[in-house]
Amino acid sequence: MKASMFAPELVRPALKQSFIKLNPRSMFRNPVMFTVEIGTLVMLVVTLYSYTVKDATIGNFGYNLTIFIVLFLTLLFANFAEAIAEARGKAQADSLRKTREETPAKKVNLVGEIFTNEIEIVSSSRLQKGDFFVCDAGDIIPMDGEIVEGLATIDESAITGESAPVIREAGGDKSSVTGGTKVLSDHIKVRVTTEPGESFLDKMIALVEGASRQKTPNEIALTILLASFTLIFIIVCVTLKPFADYANTTISIAAFISLFVCLIPTTIGGLLSAIGIAGMDRALRANVITKSGKAVETAGDIDTLLLDKTGTITIGNRKATHFWPAKEIDSKSFIETCVLASVADETPEGKSIVELAANSNGSPKNIDEYKQVLLSKHTSPKFIEFTAETRSSGVDFENEKIRKGAFDAIRNQVTKAGHNIPQETEERVKAIASNGGTPLVVSKNNEVQGVIELQDIIKPGISERFERLRKMGVKTVMVTGDNPLTAKYIAEKAGVDDFIAEAKPEDKMNYIKQEQHTGKLVAMMGDGTNDAPALAQADVGVAMNSGTQAAKEAGNMVDLDNDPTKLIEIVEIGKQLLITRGTITTFSIANDVAKYFAIVPALFITSIPALQATNIMHLKSPESAILSAVIFNAIIIPMLIPLSLRGVSYKPIGASALLRRNLLIYGLGGIVAPFIGIKLIDMVLGVFM
Amino acid sequence: MNTELTGVIVTFIITVLLAIPLGRYIAKVFAGERTLTDFMNPVEKFIYRVCGIDPQKEMNWKEFLKALLTINMLWFVYAFFMLLFQDKLPLNPDGNPAQTPDLAFNTAISFLVNCDLQHYSGESGLTYLTQLFVVTFLQFVSAATGIAALVGVFNALKAKTTNNLGNFWQIFIKTITRILLPISIIIAIIFIFNGMPSSFAGKDTIVTMQGDTVGVSRGPVAGMVAIKHLGTNGGGWFGANSAHPLENPNYFTSMIELIAQTVIPIAMLFAMGLYIKRKKFAYVIFGIMTIGMLCLLIPTMVSEISGSPAIAKLGVSQPTGAMEGKEVRFGPAASGYWSIITTVISTGSVNSMHDSSMPVSGLMQLLGMMINAFYGGCGVGILNYYIYIIIAVFISGLMVGRTPELMGHKVEAREVKIAAIVTLLSAFLIKGGAALAAYFVAHHGDMAWAVKPSAWLNNPSYHGFSEMLYEFTSANANNGSGFEGLGDNNIFWNVSTGFVLILARFLPIIGPVAIAGLLAKKKYVPESAGTLKTDSLTFGMMTMAVIIIINALSYFPALTLGPIAEALRGAH
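As you go down the protein sequences, you meet chains X and U in turn.
The numbering used here puts the first residue of the first sequence at 8, with every later residue one more than the last.
The numbering used here puts the first residue of the second sequence at 761, with every later residue one more than the last.
Everything labelled a hint here was simulated from the structure, so no lab data went into it.
Just so you know, not all the hints are guaranteed correct.
[To be verified] Which residues of chain X face chain U? A few of them, derived with a C-beta cut under 10 Å, are: (1) Leu-266; (2) Leu-270; (3) Val-600.
The beta-carbon is built from N, C-alpha and C at its ideal position, and this holds for glycine as well.
Modelling step: build the complete structure from the supplied sequences, incorporating the hints.
And the structure:
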């Protein structure tokens, strides 16, 4: 990434843009750099004048020309910073967009020339919102859309970089498909949901390119502050003229303009928009499309984070962790019974039971073989699927009836058949539940055999991430459909601060509103249509790309990876954005101290020799001192471009410690660096002057 | 020398020790709790009834400011006409003349805004009537205005979300009846017992030791000198201010006057801690302000005690330090301390001639007024500091990765804009004014004005420049002290500083009150681990850094041409 920051294919268009951006109309948006442009123009006039007229108070042509060139470079550097940030963002977005250019689409014409629902091959660019198309195995999906019929496995690696195929199906919360992804199997019918050129990606590209980029409220406030600093320095420079007259000192126009340009915060002024664009670009690199720059900024302020349990805090679904045979039952035969009960159970829980059994007796066995071996011991199996009425599943053999299900479901069956529930089974069930697990009871011929313990597996490393969030001041809330007991257990184990158990969609909404009522900013991630109101209500709503169109419209970011932990990264990107702005502002203003010590003695040293004592850098001559300061002021901009684009790193070490750290590096550093830089430049200039 | 230093240290310690209980008392007064002075209740009720004030009426920040500004405008008109016709009014035993319109304009504004930039000498420029009912009256109400504005800000800071800054009239009247009046009476009595005149008789005549007959001005001095310091006003009864033996007879009265001018600004800090229930916040600000004050005080004391290098070059030893312009009864240490206290706090009374201070001291005095927030004037000092806090909060908030917030309220574009305007204003008024004056001196020295610009300055070169810079800095800071070498009683200085005074008084009051009002209206954001704590020492240092950087950047070139050049030339 570092190597590609100044890749030639980015630099070339950026260089061109740097000149195009000199247009005063676009410069006007940035008051600091606009005043530099005016200063540069004045300097141009002075340079031309000094070429034709020899006037001692104006200075010689060569010196004026040098100052003019340095000022002009300052402008170009600032424009280049913005242009390269735009170019990077655009390149990133283009590479995403490339995947969805011009592909043939199988459009469905409801009333065709011969049949209804006739299929016509058209170019993807001709698809309109509301059109339907079909895709078969091997087809590239031509446009963003929503599946209306069928189910398919899809390779989304073009967008997410994740090679494992995903399943998308009509109805439900995973019905969205993205243009550029590839259908691997099956057949789907899709309705186009966006107009050409209006997909989220297109919107984001427009945002990065500046056409629709709005200043965020925080950027506006900072611009006001910078403008007022600029005004202070206008006052300083204008009043210096009568002061100098009083002291019988002549100050050349070149010196005045140099002083002014050096003092105004050109460093942050030149880099401000680049920092903002880089923030959106970093989000894009994390495969998150933001709908506005403000959303990234807000992310840095988040107080409360709502996270779904499944997939975020725990790995997918529950897994079997333990077999607990009833008193008189042999352990080995109990495990075999459990496997038989789950042979046909394709749910993740069922699979995990077989897996655990296969690995239970020392050496792990091949799962399919293991199933076959066990099944072959019995005859004429009849698999019983899970239904809402029985709330159990299992298998019937000729003389054996095996069932597996929730405790109360099995208890019903067992007691109906006239058997008793063993005491220790009941106790075991309670123990598992209070431990955050889910008990499944297994019966054979309506006699209880034992209990399977299912547990949620907490993602490795997730509690460290929550700890990091806590240090940032972000409260994490787990949302789960589990009962409060289980929820509490998992919440404690994972280290989240709060949880919503047995959550219904409106619970999320209410929780968000309640947090917002106390002044907090809330972020959440969602995918389903029923998440849409909550996504809209949240201050930062991240919709998964696989989610429904409604969810994607409601949120202000879309995560292409469908990764629920992405929110954590987004919060850090937001904080980085603000920190980068703050530290470079501090650096820029702190620089002025050294510039004063370079220029002010230079202006007055001839008429007030006593001021030699303030020339603490021992700069060679007044001319070289002024030139060194202007050159330093210019080259610091490109030197800080990498930092602006990368962002200042964020460390969750508490606000005061972070402030101390950044003040030390960028405040004190900002005071010291120009002393060294200006002295070095002066030494180099000394060779020529 | 040791005794002199001890005197200074003891004075400061007594000030702080008195400020602690006073702060507690002030917090109680404004919280409406029971206090010693509840016997004033009927007086206040009477005032409310006569003036038709409903003291319970809540005011939002706009109504609060409207009340404050309206009454101030009224006082200005009253003062201006009183001064214009004082020769025709009673209580004028010495037969002093009326003030010219430009002088009356300057004087009325100057006392209205708590500055007391006196372009006249009290002995001859005012009558007893105007001394008492214009000058002393304004010294009470201007101090109370500043404190009332600050208490309005306290009310905004105290609540989570509110529209109510309190009732301006009630706060204002209580400030006078409960704080300024009782303490002034005590101080005045101490002064009277130390020989300060308190008589309505005209000039006395004495025969000096040389045998000359001299007229000695007097009047009801003691009462005015008490509020002059307590209200951080600084305008003296006599032209020589507190260097005059009848306005500051001895070292003890000098200590009392020093304590009186410092005690309310410090007490307001402690009162803030208790009133808004953020003690640590107040202590940190007190610490930062004290450090700032010491940074100005120590170089001043060192340079005054070591004496003038110019005299040392002549081979003359100066065992008592730099004595030019100083009173023998106070000495250089106490005079140096006074000169810094009177400039960091916007009093502006003097017990030595600042014009004669060492260049380094002059630099420190100028810096004290430019910053104007190390303790600062009654109420307004903390308001100025509040502006620096807003800017510090904004920049440091960004540096920790959160949109900036102060006490649970987001600081956004509008607040930053107001803070920026207030900050800009000082630079504009000081440098703009000094530039205008320098321009006239440099280019139109012989202009046909009553006093030619070339005749304004008593000193050539850098010191002359410092005199002009000092005058505008003093006007901008609402300070009132001067480098008195400047011939300032003429139309240019009277009018130009008059406008500087008004702008520099009311915009820095309107700004913080408006910011506090706007912030208080916003939704309250509870603190989290990511929130920057504004009561931490780190944040205090950040505010200090903002103060130093803003002032250094604004004034470095001007200071270089004035006191810095002078000091460096002296050192050569």
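### Given hint Val-600(X) near chain U, where the shortest CB pair must fall under 10 Å
This hint holds: Val-600(X) lies near chain U, its Cβ roughly 7 Å from the closest one there, short of 10 Å.
### Task
Using Cβ atoms only, decide whether Leu-266(X) comes closer than 10 Å to chain U, and label the hint accordingly.
holds, 8 Å
### Closest C-beta approach of Leu-270(X) to chain U relative to 10 Å, hint status
holds, 7 Å
Going through the hint list in order, the structure satisfies each hint without exception.
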